[in-house]
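Here's the letter readout for the chains.
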Amino acid sequence: MCGFTLLAQDYFPKNDGVVTKNTNYTAITNVKIYVTPTQVIEKGTLLIKDGKVVASGTTVTIPKNSTIIDATGKSIYPSFIDIYSSFGVEKPKRQGGGRSAQYDASRTGYYWNDHVMPENNAIDKFNYDSKKADELIKAGFGVVNTHIQDGIIRGTGTLVALNNDDGNEVRVLDTRSAQYLSFSKSLTSNQAYPSSIMGSMALLRQMYLDADWYAKGNSKTKDLSLEALNSNKQLVQIFEAGSRANDLRADKVGDAYNIQYVILGGGDEFERIGEIKAMNASMIIPINFPDAYDVENAFLASTLSLGDLRAWNQKPANPKILADNNITFALTTHDLKSPKEFKSNLMKAIKFGLSKDKALEALTIIPAQILGKSNSIGSLKNGAYANFLITSGDIFDEKTTVYENWVQGNKNVLENMNAIDIRGTYDFSLAGETYKMDIKGELDKLKSEVTSDEKTRGSKISYADDWVNIAFTTKDSIQQEFIRIVANVDANKNLNGKAMLPSGTEMTFFAKQSEAKDDAKKGGDDKKEDKNNAEKVSPITYPNKAFGFAELPKQETLLFKNATVWTNEKDGVLNNTDVLIKNGKIAKIGQNLSDSSATVIDATGKHLTAGVIDEHSHIAAASINEGGQNSSAEVTIEDVVDDTDIDIYRNLAGGVTSIQILHGSANPIGGRSAIIKLKWGETANNLIYNNSPKFIKFALGENVKQSNWESYSRFPQTRMGVEQLFIDYFSRAKEYDALKKSGKPYRKDLEMETLAEILNKERFISCHSYVQSEINMLMKVADKFNFNINTFTHILEGYKVADKMKAHGVGGSTFSDWWSYKYEVNDAIPYNAAIMHDAGVTVAINSDDAEMSRRLNQEAAKSVKYGGISEEEAWKFVTLNPAKLLHIDDRVGSIKVGKDADVVLWTDHPLSIYAKAEKTIIEGVTYFDLKRDELMRDAIMREKSDLINEMLKAKNKGLKTQPIKKKEKELLHCDSLEE
Amino acid sequence: MKNLKLLILTLLCTSISLAQQTPASKQTKTIAIMGATAHIGNGDVIPNSVVIFKDGKIVTVADATVIKMDMSDMEIINANGKHVYPGFIVPNSTLGLVEIDAVRATDDDAEIGNFNPHIRSIIAYNAESKVVESMRPNGVLLGQITPRGGRISGTSSIAQFDAWNWEDATVKADDGIHMNWPSSFTRGRWWLGEDPGLKANDKYSEQVNEVTAFFNESKAYADGDKTTTNLPYKACKGLFDGTQKLYIHADDEKGITDAINFAKENKVKSMVIVGGAEAYKVASLLKQNNIPVLLQRVHLRPNAEDDDYDLPYKMAKLLVDKGVLVGLEVSGQMERMNARNLPFYAGTTVAHGLTKEQALQLITSNTAKILGIDDMYGTLENGKNATLFISEGDALDMRTNILTHAFIDGRLISLETHQTELWQRYDNKYKSKQ
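Keeping their order, the protein sequence lines are chains R and W. Reminder that position 97 of the first sequence reads as 845 in our numbering, one-by-one numbering, no gaps. Reminder that position 204 of the second sequence reads as 490 in our numbering, one-by-one numbering, no gaps.
Bear in mind the hints are in silico, worked out from the structure with no lab data behind them. It cannot be assumed that every hint is accurate.
[To be verified] Below, computed lysine-lysine pairings styled on DSSO-like, alpha-carbon distance capped at 30 Å:
1) LYS540(W) <-> LYS1705(R)
2) LYS715(W) <-> LYS1554(R)
3) LYS1632(R) <-> LYS717(W)
4) LYS1703(R) <-> LYS489(W)
5) LYS608(W) <-> LYS1679(R)
6) LYS1714(R) <-> LYS489(W)
7) LYS1193(R) <-> LYS1129(R)
8) LYS1195(R) <-> LYS1703(R)
9) LYS1354(R) <-> LYS603(W)
10) LYS1632(R) <-> LYS1085(R)
11) LYS489(W) <-> LYS523(W)
Input sequences plus hints: build the corresponding full structure.
Spelled out as structure tokens, the structure:
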């Protein structure tokens, strides 16, 4: 480093010498200057003083008190900015946990949730890390924006110049550069809530509401977190989302409170770029592209999914695709093991099509602009910090050398800019022998080859600061003796010095370069060839994995001829009947139908039914339980619908068209449901029903009492407590609602809002329930608060209180034959559905299981065996009845003119064990087709084989590989807890 | 619908008791089932059959339109339009070892320790389990009661499902030893901050070596003077003299291949692959070595994201087509209560390629052969035990798997259960209100 401090604080005393003030200028002349990526000066001068740019251009007047650096032929770029870093801020350590979960906050005077810490400031923990700074400087960075990477609200960040020569008084550019957020809990607290992403989202929403309430002076108590949050409000808000799906989730939270987050993505944004673009957010994009898997072991390789293989192949194209879609983004070293990997990954992105202009913007003006610092960093405009790189040429060319990285006017030498390139061929003679020496290799890692009498001698070379040291073996190959040379390089690249023979004799040495090696040019040609060899990127499918669609299937006009039609209506089962589907609806049912625009499907011998509806599913969700509190009415599964879940496709193959994704049963008051159609390939938002009926999951019994695992600290621990919990919440919700309706000021509470919807009959409860006592209890609680329970789900002892259920008007959605897996299902019987049905209760058979859901037709058929339900009624248990329970029977659940064309064509009687779904259609779009499925299988096999082949090639080329890990998807049930 | 219910009600015991069903007493009178479609269990069907059994053994299985005999001493069951099947057999089951999954006190299926061939399942078998009795109304009448856990879990026995106690229940004691082959993958220890996903098991060879060493020691022990007893080594004797089978639970292609080689090298006389999720990939090897497979539960999700959606449904077909002897097993989540769905697992394989009679073999004759009880069970053939049932219709389909009679060793067993009793009690409660 070469530092000459320019900006000492002038009111500081000085005791180690005289006060020195440097008012000189530095001028770098004859260089190509990238003032910005688009404003380029050929052969200009850059004039700097006091760590800032004074002027640039071709006609700059150089003051007399200037140091002039002639850098003819070199290029100057603004140094890079890393906008997302934890530089100089130590990550907090994880707290040891107790035996029981912690539900309350550990602090007082702050927000009720420990993971909300807007009062944290990175500057308070900041320790300039010069070792790390060196790594970043070497990677081309001049400024980093750092923060405490811990918690959901992480407080303010610090913008710091990588200036190793001055102190924090100079290099700290902003102590409140941005506020940071994430979905991840702090390591410093064991407070259980939130235990899921949907919980984090709900917490953020409630926090914004509370901050507003606090800002208006409504709070009677002190809250330092909310005060800090309010004072950080005007800062840039940077959100660590970390994946395509979470990008959208973060954006959705922000939008509701008029906050546009800057979003740290995950590198998979390309998978649904349209949605990402629609966020209209500035993004920060990591470039930690995955290494190829080591696929030499065929057994292991066979466990890789097409999605894993594609990630390697497609992810490097992410920056290009973002740029092509005009999405504003900065690049970051975040998620890289070391800044050393930055350049090679960046070069890869460029190889995959990212333009060099965009790359430079993403590292300079974009991050500056995001931080509102365009005037001081990211460019070499007058007045900006003198943060720049001096290079041998195009900074994004592999062969280019970065010589120097100046930060705030302080020079950091990476490569000696004035070093003479001594590569070439030399001739010399020593003690009567003539030698030929080739010097080659990388400038900082030269290699030598010394020959004499056409024999190659073993040799070593080192070169620095115009001095070269060479050692080579003598002719005697047995003795292993060396001739050593030390020589100075002159301007003509001749080597002048002395040689030391094994005898100790010294003699003068002179070698003349006979031929210069134009390595750069030759190398460049090779590379060009490589570049023309454009990277082959696998096509993106929706979703981007096996069985995804390259192009989404379209709505069709379909005419089924001669089918056995299960109408679920008064007409019952119609033989030899035609059904016309048009504009996504059932258009006609009858004999001898025709429609010139329709694709005709011969359904002779086949059965056409309404699509199967699963009242209780946990597929297609990124999280299921928010168990961090005994009530989580504020969370919604709609926030975490996962449109990539392969179980969507598998359910379609079982004839399922609609499902309710229920929250789990971790707590008595669970979260809100998502009711979706299984439109495989569509975005999560498009899966959710339009004007969806509102539902919430409640739960009773062993799970909410936490009976079957070691947990003793959360109320309730008994069924007695469960009742009181409901009465407590509903009493408070009633009071809340009354206050709200009175027009008086009230603190908006998302949990109470949801419960008030139940009291106002706008939201329906589907309650996980087993034994008769608790079923009876909940109906009585509902009666007390003047509303009805909509559905008891599981309801395995429903048969014991079927008459009471009928009187209350609640439906039962049950398992066909599950029992004996815990104590509360000891009296569960497979005749439950039949008894409830016979008592007049609306009965559905549900799955709660991604395996069973794909053959709910079989589960319905068990009601014929157990209890003698008629086939027509049994079929309604998995179609019309769940539609009724979900309040969607006006749209789906039967084959009726005007209803949504959600139908299944079965190869056989739909209740038969021998039936397969041949086509599953939602709103006239064929989302599953047996024949198309066969074709996809072949295509998947081929593509996987191709990609594995490419990975083998990559390994053979010497590229890094990673060991294979087998991905598995957790099968989510009611009891699934995430932590 | 009502008639059907009444019929079933009358067929079942009329008195409601809270205890378990009383085991049936010995067959005293010769019984002839007339007119049913007989599914022999070996692939054959006799549409209008006569099935006669005496003293617990089948004496006649014939075409009723052909055969003529004096039936005056026999109890005749008219089964016109009905179907008669050999009792279904559920192998690799923990029935009777656990009553309620979540209640640890009822859980007796896995012992601690790694090499437990001396651990015997049958002595913990609860003959009065409510779960076991719920098998019978679905035609599942026999099971291989199998311990879990460790590298060598222990020794299984085969039981019939209508017994006073485990001794009564036993039809073949200590039929085989169950070993869990080392997995090719291990799970990251998430509590140590590792990725919880699966990665290649770098201890695989070490674990295989442990198994090999254990077998070598057991063989050496068998040849020695045995003055000092070593229970685990002693328990392995049957594997080498051919009196016991080695059931190797293995799922992946490589594991199965290694297991086959291991058994050959160690002179194991008779081995069976249990689970066999990827057995279809090595079907030819299995066939070549005459190694049967007790195939994993049919109603499963595919293991890998890219797998065909119907892979678990069609696995049996893939193996049967290659000539491998296949039986269906049911282990996994909620395996005990789900064991009564065994016929429907078989039924599902029909939708995915097998014939109905082939599917039936997967839960009758094939399983009996694999377990080594085919001299007594698995088909409706002369000389075999009269363990069979009559169903209103196709017993592989839920709608028609409705039993009217079931016999174990000729004894007419109760088809009532804890569940049917509750059904009747509450059905009557509402009916009497009306």
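Hints and how they fare:
Pair hint LYS540(W) plus LYS1705(R) holds up; C-alpha atoms about 29 Å apart against a cutoff of 30 Å. In summary, the hint linking LYS715(W) to LYS1554(R) is supported, as the alpha carbons are separated by about 15 Å, within the 30 Å threshold. For the given pair, LYS1632(R) sits about 26 Å from LYS717(W) by alpha-carbon distance, which is consistent with the 30 Å threshold. Only pairs whose Cα atoms come within 30 Å are accepted, and LYS1703(R) paired with LYS489(W) is accepted, the gap being roughly 25 Å.
Taking the CA atoms of LYS608(W) and LYS1679(R), the gap is near 25 Å; set against the 30 Å cutoff, the hint holds. At most 30 Å may separate the alpha-carbon atoms for a hinted pair to count; LYS1714(R) and LYS489(W) meet this at roughly 16 Å. Restraint check: the Cα-Cα separation between LYS1193(R) and LYS1129(R) comes to about 36 Å, which exceeds 30 Å; the hinted pair is violated. Note on LYS1195(R) and LYS1703(R): the hinted pairing holds, with a Cα-Cα distance of about 26 Å set against a maximum of 30 Å.
For the hint linking LYS1354(R) to LYS603(W), the alpha-carbon distance of about 24 Å falls within 30 Å, and the restraint holds. With a CA separation close to 54 Å, the supplied pair LYS1632(R) and LYS1085(R) exceeds the 30 Å bound. Between LYS489(W) and LYS523(W) the CA atoms are separated by roughly 28 Å; this keeps the pair inside 30 Å, and the hint holds.
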